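Asks: Residues per chain, in single letters:
There are 8 protein chains.
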Amino acid sequence: MSKFTYERLDKAKAMLLVVDQQEGLYQLVHDMDPVNTKNNILAHATLAKVFNLPTVLTTSAETGPNGPLPAEIIALHPNAPLIKRNGEVDAWDNDDFRAAVEATGRKQVILAGITTDVCTAFLALSLRDAGYSVWANSDGSGTFDKKTAADANDRMRAAGVQVVSMFAVALELMRDWRDNPGTTQLMPFFDTYLPEYGMLARAHDAAVRTGTLSGL
Amino acid sequence: MSKFTYERLDKAKAMLLVVDQQEGLYQLVHDMDPVNTKNNILAHATLAKVFNLPTVLTTSAETGPNGPLPAEIIALHPNAPLIKRNGEVDAWDNDDFRAAVEATGRKQVILAGITTDVCTAFLALSLRDAGYSVWANSDGSGTFDKKTAADANDRMRAAGVQVVSMFAVALELMRDWRDNPGTTQLMPFFDTYLPEYGMLARAHDAAVRTGTLSGL
Amino acid sequence: MSKFTYERLDKAKAMLLVVDQQEGLYQLVHDMDPVNTKNNILAHATLAKVFNLPTVLTTSAETGPNGPLPAEIIALHPNAPLIKRNGEVDAWDNDDFRAAVEATGRKQVILAGITTDVCTAFLALSLRDAGYSVWANSDGSGTFDKKTAADANDRMRAAGVQVVSMFAVALELMRDWRDNPGTTQLMPFFDTYLPEYGMLARAHDAAVRTGTLSGL
Amino acid sequence: MSKFTYERLDKAKAMLLVVDQQEGLYQLVHDMDPVNTKNNILAHATLAKVFNLPTVLTTSAETGPNGPLPAEIIALHPNAPLIKRNGEVDAWDNDDFRAAVEATGRKQVILAGITTDVCTAFLALSLRDAGYSVWANSDGSGTFDKKTAADANDRMRAAGVQVVSMFAVALELMRDWRDNPGTTQLMPFFDTYLPEYGMLARAHDAAVRTGTLSGL
Amino acid sequence: MSKFTYERLDKAKAMLLVVDQQEGLYQLVHDMDPVNTKNNILAHATLAKVFNLPTVLTTSAETGPNGPLPAEIIALHPNAPLIKRNGEVDAWDNDDFRAAVEATGRKQVILAGITTDVCTAFLALSLRDAGYSVWANSDGSGTFDKKTAADANDRMRAAGVQVVSMFAVALELMRDWRDNPGTTQLMPFFDTYLPEYGMLARAHDAAVRTGTLSGL
Amino acid sequence: MSKFTYERLDKAKAMLLVVDQQEGLYQLVHDMDPVNTKNNILAHATLAKVFNLPTVLTTSAETGPNGPLPAEIIALHPNAPLIKRNGEVDAWDNDDFRAAVEATGRKQVILAGITTDVCTAFLALSLRDAGYSVWANSDGSGTFDKKTAADANDRMRAAGVQVVSMFAVALELMRDWRDNPGTTQLMPFFDTYLPEYGMLARAHDAAVRTGTLSGL
Amino acid sequence: MSKFTYERLDKAKAMLLVVDQQEGLYQLVHDMDPVNTKNNILAHATLAKVFNLPTVLTTSAETGPNGPLPAEIIALHPNAPLIKRNGEVDAWDNDDFRAAVEATGRKQVILAGITTDVCTAFLALSLRDAGYSVWANSDGSGTFDKKTAADANDRMRAAGVQVVSMFAVALELMRDWRDNPGTTQLMPFFDTYLPEYGMLARAHDAAVRTGTLSGL
Amino acid sequence: MSKFTYERLDKAKAMLLVVDQQEGLYQLVHDMDPVNTKNNILAHATLAKVFNLPTVLTTSAETGPNGPLPAEIIALHPNAPLIKRNGEVDAWDNDDFRAAVEATGRKQVILAGITTDVCTAFLALSLRDAGYSVWANSDGSGTFDKKTAADANDRMRAAGVQVVSMFAVALELMRDWRDNPGTTQLMPFFDTYLPEYGMLARAHDAAVRTGTLSGL
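Top to bottom, those sequences are chains Y, S, A, P, U, E, B and D.
Here the first sequence stands for residues 4 to 219, numbered as in this note's numbering.
Here the second sequence stands for residues 4 to 219, numbered as in this note's numbering.
Here the third sequence stands for residues 4 to 219, numbered as in this note's numbering.
Here the fourth sequence stands for residues 4 to 219, numbered as in this note's numbering.
Here the fifth sequence stands for residues 4 to 219, numbered as in this note's numbering.
Here the sixth sequence stands for residues 4 to 219, numbered as in this note's numbering.
Here the seventh sequence stands for residues 4 to 219, numbered as in this note's numbering.
Here the eighth sequence stands for residues 4 to 219, numbered as in this note's numbering.
In short, the hints are calculated from the structure, not lab data.
Keep in mind that this is a model prediction, so the values were computed, not measured.
Any given hint could be a false lead.
[Claimed, not checked] Distance condition first, Cα-Cα at most 30 angstroms in a straight line; then the derived BS3-like pairs of lysine-lysine:
1. B:Lys150 / D:Lys14
2. Y:Lys149 / D:Lys150
3. D:Lys16 / B:Lys150
4. Y:Lys52 / Y:Lys16
So here's chain Y without its partners, still in its complex pose (with noise of 0.2 angstroms):
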């Protein structure tokens, strides 16, 4: 089998985009249902608050029928630039959007997006060209259905863009749970968001607190 290379999330060198998970976009959402897409979404714009990525968020026409962001992603990233497009679908094609990129220093670039196969796809194949490398959440981003999401990641793969999941985004960036933001600040994370880690966490707690054998 021939070489390869793996390259790793490093806290240290990677930045978050958060593009176009508007409120009306949202609507479009049928590849996943609307309970997920909504706890999807504001996962992806948490992660880089617990490992203090630097990030940008963008929409696109957000007075119109795409709506604005949710309240709660602008808050979370109060400093963070949030520019405003006006007509460019892909955010690269935007000045301001491609500066405040450049102005993280950062050369890993984790993003989601609403649809996958535009705002997602459009966007990572510019930053692919750029040189950037790219990590998909896929479970952040959401469109038309199932297929035409299979297709803008197999796009997306075949520019080298690595397609993953929330989970492997948020333990690839932390390597080991002992590290700093480990059990403390990713545990509630998973609480929150990922629900069947987090009861699984309760339970266990709980049997460790008060349990009572099973009698198995």
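Add chains S, A, P, U, E, B and D to chain Y, keeping to what the hints say.
Replies: Below, chains S, A, P, U, E, B and D without anything else, positioned relative to chain Y:
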């Protein structure tokens, strides 16, 4: 066609039961995904708060693998009876639980539980046998797989149980958006637990406040 | 086997209701895809034109997030009563709506609405309670997911509602292709709203006119 | 709502039937995957051991393509009557089988078979006709596809059969975890045949014994 | 549980209807794939030959887009009445068809048609209204999508129709493999139309004749 | 990560092909439902009008069972070459077709056809072999089932074809909503062919014009 | 975009392999239903007859549980080498098989087998390693579940195998309907094995011969 | 087509890794059902015994919610190194684990873990980076949902990992049924973990021993 009488939920006659939606049992649910399951069991317990319904909580062997109820549910209902059953599978077999239900004086019962085929169904059938009118919030119950959920719901329907969505429970209780607890309390509830409706309202309000025409 | 009486739709006795198929509520539909949803709600409203049925339109809080009815539906029924409810969830609770239905003098009601579990089901159950025979066009109603649709349809069936396809509504009304509004009006209707049948007719007609044998 | 009487399984009144779950017929099952099918037919036969229920086994033309019962099932019930039918499709048409069932003196029958639409359904309908109360363990029956299973289950329900999960059969029989054969026998049964519950108990017990808090 | 009477198909009392399974209408079927649809409509017509049942064929407007019946079906039943309806949607509205059914003197009717919700269901409901016992071979009917099929089957069930698989029809008619037309005629039928059973028999026979032990 | 160059669709360099989306072949499509299939093939042909792209139409044996192109497509492109192939499966094997494509002078080709695995894929591979850049509009191609579609798309991707959604084709061509044919032409296009986006815009505009706050 | 060369199947250079599509192994297939599986393996073997391709058949341990090839396949190819392997899993490890393939002098290999992940994939990878061009007829191979099929197909694609539908194999071989074995032989083949196309042709021919306009 | 070299698993060069298939993490798996998940992780560990492969076990924070490995796996490999990581997510970051792998001297690694996207994928990518050939047993890895599994498998494939079924791993290791550990050890393994194959062998052997012809 034969005669039919439509008995509607009446917030002055209804009560709500939280049945075995415990942190361990939560892991058994495979007919809904974990994010929706958590969302839906919290929504179920919150409905009683929105409509100020008498509420009874119960758990099955909670120091064992089934685990405790989520802390959020306990916190919502600090004064509700919480009947911790140590052995009875069907909550109606527990004297304290039966007494707690009877003490409310209500004859319309809304319930949900994990698992649908055992914790929800056994109790629902016993309540029907005891003369109660029963609404099973099908979003709030989870079980091993979709077939088991459907079979259990069919079994309850055959006993005269109304198997309904969380949205139907909420709106059958409210009846008119202009009444208490209409828009004021129900819209924030939907914003949290039915985010497609919340996002619709958010984007609508943004359009009313600052929107520009789409050009369509 | 026990006795059964088959009550059939009669175009001289039937009326049609358009219930809350509003442009905002449309986004909540996830048990059908968006293209079929739009197709089916337009087909529902058009059926009343094809068969010249008395029609009543109603909306729920249409200046809010639910939005107005699609302009196409309004244009189809310029003279039909359009009852804009400001608060009542169940349209039957609105005096004007009830009066509009009663004014038609018809006792067979065909309806569809968004969402199936609330707007369609509550009204259908109230109509059954009031003694009407009810046909729910299941293609024309949409809701949050397939489980909710199935549960709502089961609830209506238990109340004696006929849950039927758009195709079944159309052909139970027509009964004989040689009668008015048979081939002349119904085939163009199917060509638009049931394109598999339209394409079958188009290709058939092309074969009759200019076709050559396949060599089979 | 009308009156409903809940007849519950009673381990002193119930018996169990193993119907044509043969090694050849096993291959016809396509509504469940093969691993679950084997798991579920072994679980069905084992339930009778856990609750010490009278059991009757039967096969159809077992020297032909249908094949014999799995050796595990024979070994579980060395003293149970095994009625090898040479032609009758509906086991109730076989005098020896009918006599074996009647000899148990039980009037509550739990059954499962392959295929659901023929071996299970025909017998279940005959048992209902003969005045028995019938519980069809839907996990233990398999057939050609999901539609056939659902249609067969609907047919049985229309005849008053309770179509229930293996979990519901087990817990309706047990009623109280503190009674014989509660935790002591049922937990190991679930550990083998309902591994999600077994793993929950195992991890819980490990947490009680040696667990450390998660840091959540 | 209440009293139930199991009416079984009796080959001396049953007849079979082939309803509108035409080569054009075949293209409308999307609840089954095309290979199974063809297989199943041929199997339906063949069942009448295996059991020597009186058979009536009917088509709807067969010179139009609906097309003729497949030649194989015509060839199977050269002497059966073939009623070509020119307009009536419900075959029971056609005097010739009704006369042909009545001429058989049979009161148990097995039918299948395309589409399930119109051609099969309307006729099945009319037959029930006219006092017939009805078995709908659900494998032999096809329609636009799975939801429409399920709704149509539920409608028929509510009218007392037995919705059953082709396998159940065949074996309820036969009852005992040792009777005519048991193994001799039914096994080759299954080999063609239920190939999983045919392959099971073929491999079994090969093992009996020339097999060697597997070493298991 | 290795170097990647992002070639984007350029409306000054692109052309569009309509390949065998004929009224007979339409019936073969089972990886999309019929309503979406019709919607998507009309959308595909309309894209060329919105962006004023040179267009070539082609059909395969259209007097036979494959049938003609829908009249709507012919009407959209009255002046485009329509190459009626009498035998060649791969349109690139037809001299007239090849000449028509070459006459446009464009090197970026957008195509869709029925079936995906033959009509679309063979031509796309031939175009890649001939040095063209190729975008396959995956929404506009249909075939026998989802597996066949996915395999065909994978085959095209391996040859360097961009497999993209209709939405991605439209927005990669447009690039900026402020440019011609931005909002003015594209929004009505989406209102017709991507109704979830159209309904979003309609409801948004209604809110801007006459909306009242939701009370959230 | 980089250079791509499209190698097409050439009926003068191609051969076909039937790999382990045995009557016992047939039962292991759960990624396709049994009726399609039988249809597709017979279609695969028949393709070689239609195009007069050299053919090699092989089986694995056919006196054991895997069973023999279906008699229909043997009858189609009475003169083809049938290599009965007694142990080698990868047919390429068997000297006789390798010799039989090499004896054809063909370098384009079309194959299908049960199971896809072992019998088809191992041989396909070995053929690629040995310098053959390989087309895997994905309709003709079956395996345990859809995931296993997809993984196996991806593995073959990574080795340069063309994973294609039966329809694509047939039409890439034929290229032009006017050439031998075009319409004369291929249409009857499709009528049998691709019945949606056969029914299209049948209904078309009926329309040409005796059709009347639909009135559309 | 370009050159391809097929590297096959060699039981003299391969080793096997059991990665984090822990009793708590087991509950996170929703891309497979629980019965198959348990079956498949036990099968994975057992493969190393059947082929006598060097094996390394590892766990992540096993006193926390992740829980211990199932006792069955520990019992299978009493002498294998079990590396209990306290923090490293990617096992390759743990010195002891890396040393244990290197100590085997093997360069072909078979692995499976929970979750696929993190525990399996991170380690597989690191192993590829370190020059190992890697086979990911896709049946033995589980994760949050099917999309995450597919994305993770695609990521591994892009790094040159062979993503294969358990059946393919077993048979690529064995190569010839006549070699050790062919029929003697592998058939019982399949009887337990691939029951469709076991049942095939059982029924076949019964037919050889005592079968009678089917009459087909």
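Asks: Are the hints correct? Go through all of them and say.
Replies: Hints versus structure:
Simply put, Lys150 of chain B and Lys14 of chain D have alpha-carbon atoms about 25 angstroms apart, close enough for the 30 angstroms limit, and the pair holds. Using a Cα cut-off of 30 angstroms, the hinted pair Lys149 of chain Y and Lys150 of chain D holds, with the two alpha carbons roughly 9 angstroms apart. About 27 angstroms separates the Cα atoms of Lys16 of chain D and Lys150 of chain B, which keeps this hinted pair within 30 angstroms; it holds. A hinted pair counts as satisfied when its Cα atoms are at most 30 angstroms apart, and Lys52 of chain Y with Lys16 of chain Y qualifies at roughly 15 angstroms.
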